[in-house]
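> Mapping of the sequence shown onto UniProt numbering: residues 1 to 485, in sequence order.
Derived by calculation from the structure, the hints in this document are not laboratory data. Where a beta carbon is used, it is the ideal one built from N, C-alpha and C, also for glycine. There is no bait here: all hints are sound.
Simulated pairs of lysine-lysine, BS3-like, Cα-Cα distance not exceeding 27 Å: (1) Lys253 with Lys181; (2) Lys223 with Lys248; (3) Lys130 with Lys308; (4) Lys136 with Lys168; (5) Lys181 with Lys308.
Label-pair distances were calculated between CB atoms; the ranges are: (6) Lys235 with Tyr373: 20 to 26 Å; (7) Ile36 with His171: 38 to 44 Å; (8) Asp410 with Leu274: 25 to 31 Å; (9) Ile358 with Thr101: 44 to 50 Å; (10) Glu117 with Asp217: 53 to 59 Å; (11) Gln22 with Ser455: 53 to 59 Å; (12) Pro212 with Gln22: 56 to 62 Å.
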Amino acid sequence: MVENKFLLKLSQNLLEILDDDQYNDIIIEVGNDPYIKIFRAHMVILSYRSPYLRRILSTNKKENDESLVHIKLPNISPNIFEIILGYIYGGKISLEKFDTTDVVRILVAAGELSLRELITYIQSYLIKKKSTWVEKNFNLVYQTSFKNETFLELQRYCTDSISKDPDKIFHTPNFFSIPEKLLINLIQNDNLTMNEIEVWDHVLKWGLAQNPELPSDPTKFSKEDFNILRDTLEKFIPFIKFYNLSSKEFLVKVLPYKKVLPKELHKNLIKYYLDPNNSNNNNNKSEGTKSYIPKEINSKNIKSIDSKIITSQHAELISSWIDRYDITDKLITNNTYDFKLLIRGSRDGFSPKKFHEICDCLPHTVSIIKVKYHNEILGGYNQITWDSDSMLDIAKDNFIFSFKDKDNIDNHILSRVKNEKQAINNWFIHGPSFGDGDLTLSGLNYYDDNYCKKSSYEVPIRESGDRFSIEEYEVFQIIKENKLL
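Take these sequences, add in the hints, and give me the full structure.
This is the structure:
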């Protein structure tokens with residue numbers, strides 16, 4: 001109790017400093033005309049409380065003839081920044097005092113200023129205490145959740161909610177205002193409870209709404225009209241499973257817009273629907289549109305996967321790499337795999353010791369890593385057993401990989417082992433680590449001490465060599481046709 005009193009007094013004193021102009025050394029211009037307000041503050045406090053402000057202040061040194069540093073924050077409204085500033089100094093905030101719409105604005109501002117503790121708190125508050133309001137204003141919350149990559153809890157909540165009830169997005173007046181990236185993210189969701197023809201219908205309507213000058217009747221489209229719509233829908237087409245449509249659905253709903261489809265896809269669809277028994281097209285039905293792009297995914301070859309990070313499509317692609325299929329092969333694999341979960345960080349703990357306790361002496365494992373504050377997945381396949389002997393070990397079939405955006409399976413990097421004598425690093429203070437630094441998990445709770453630096457594998461799997469933290473990680477043992485690989 002005494003400690004709490006001390007902290008309360010400290011919070012009170014810091015808030016008093018905020019109101020005292022005697023020692024401030026920074027001027028912050030917040031907002032846009034005509035709503036601009038000037039705030040005075042202290043560089044040392046802002047720098048240590050906000051990583052974003054620390055970066056800004058490090059590049060805005062005051063000149064010799066200036067007494068104060070001057071920065072601008074045009075994207076935040078003055079009234080919201082005043083609330084944020086009180087939190088930065090006093091270390092407390094009472095969200096119940098504010099309208100929920102303002103709470104969402106505070107979240108967006110906290111995201112811009114990289115106030116991670118506050119971001120986590122507000123997301124939890126909205127989900128647990130304002131769920132009714134969130135449901136009534138779902139479109140706003142959903143779009144807000146993707147404005148910043150650190151709003152992960154809100155993103156998951158919204159995505160899960162849409163999977164169970166697609167109408168809350170697809171049948172709302174604001175549907176046509178959804179940004180392209182969010183709609184692509186939606187239709188990629190394996191758990192979306194919506195027929196494929198409905199997905200196509202909504203995507204088509206969205207595309208037409210983005211181009212109101214186009215005729216409503218496709219028979220009246222000019223060549224230029226089709227080109228406009230094709231450009232609008234180009235990024236959606238790979239994720240529509242056209243082969244899952246009935247012949248009637250294809251004839252009535254898709255064929256009138258055939259000119260927006262890639263020529264190869266259109267040709268294959270015509271072949272398929274004219275002759276469903278054509279041996280060249282038998283594989284297409286379960287593979288959807290992926291048949292015309294290099295990486296065809298047939299998730300039927302994965303029994304199931306208990307993962308909080310990847311989907312069955314990711315697992316199938318990883319399986320094809322294990323089998324060393326070329327990405328241009330018509331059918332990636334006929335093998336059936338079981339991804340047996342061995343360890344999950346959120347369940348078993350984030351420590352090298354726990355990893356080695358559970359995973360040592362087990363061959364054929366895949367490690368999956370979700371990078372914190374990013375939508376990025378990293379991972380690696382180890383054909384041999386893990387150990388704690390602090391030695392680099394030999395393996396010829398190991399590989400590491402990354403998905404820059406976990407929602408876009410096509411945006412990946414595969415890197416096979418080049419120096420087989422340094423395939424894995426069995427140092428006891430490391431978690432699953434590949435090569436001589438190519439993918440290394442290290443440190444207490446794998447916090448901020450993990451890195452990827454090209455050394456023993458063919459190509460780097462991350463653009464940045466910066467150290468990173470882990471949000472979640474899982475290790476699976478790969479079992480093939482009821483036996484180990």
